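Produce the entire structure from the sequences given, and follow the hints as far as they go.
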Amino acid sequence: MILLETKMAKENSNSGARWFPVYQGLCEAVVGHSLLPGTKLPEDELASIYTVSRAVVRSALQALAHDRLVRLEPNRGAFVAEPSPEEAREVFEARSLIEPEIAALAAKKATPKQIEELRQHLEREHDALQAGHDSDAIRLSALFHSYLAKIAGHSIFASFVSELLPRSSLIIALYWQRREITCQNDAHHALVNAIEKHDAHEAAALMKTHILDLLSGLSLNRIKKEQKRLADFCVEAAHIGKALQGFGEPPVVDNHPDGHGKHE
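For the sequence shown, UniProt numbering gives the first residue as 1, with consecutive numbering after it.
Wrong hints could be hidden among the right ones.
Taking lysine-lysine and the DSS-like style, the derived pairs with C-alpha atoms no more than 25 Å apart in a straight line are [stated by the list, open to error]:
(1) 197 / 113
(2) 109 / 208
(3) 197 / 108
Since the hints were made in silico from the structure, they are not lab data. Since this is a predicted model, take the numbers as computed values, not measurements.
In structure tokens form, the structure reads like this:
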């Protein structure tokens, strides 16, 4: 199960490529802040964790670099990317323009089944927050925004969101200044309420406020110095892929009024 449908994920999830599970595990670890910006990603350690060759790991890292989640440095290796303050601001400004339109479309198109699935997702968000499972809460929060893009049914908007959400997670890991977890559950509840009422105007306004509130929570004048070595992450997770499989299957996103949509 891939958390966010990045462009690479969409193109390769069913390809059987040996590098894809490595890509998937690292992508979800970055999004969930289990691997922090600046963390070195040695090929030999990753090859040992996944029981694959270094060439397979190298392909996964190149795919992550394509998604701007990893930085490749000649003669130094691969590192989790560290977005600049300018890039951070631009990413959230772009989201503030795109995601209100997505919310409005979702409000117009959402079926009762989809709304129920969103509410079930909010319960999982709430449970993760209450349990203090910050990494799960962050991943679930990003997934909520991804689900809305699917419900909206606009492929171009969805493509932009699939690129911006993982990068947003990196930015939050570097620059977030508030004590509370990002994307608080209350904001998502308000959005789902507006979508359930099919109030496109309210849904768009709530999403705009939500994204700008996230931007205001960033301290772009300073960077957190906290980092995790890959070895530290391996101690936590034992095995990246296995640790990220217990996250639960995403709900069905049904864009068909008769309820016979496909599982995505």
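Comparing the hints with the structure gives:
1. With a C-alpha separation of about 14 Å, the suggested pair residue 197 and residue 113 falls inside the 25 Å cut-off, and the hint holds.
2. Simply put, residue 109 and residue 208 have alpha-carbon atoms about 19 Å apart, close enough for the 25 Å limit, and the pair holds.
3. For the proposed pair residue 197 and residue 108, the alpha carbon gap of about 9 Å is at most 25 Å, so the pair holds.
In the structure shown, no violation is registered for any of the earlier numbered hints.
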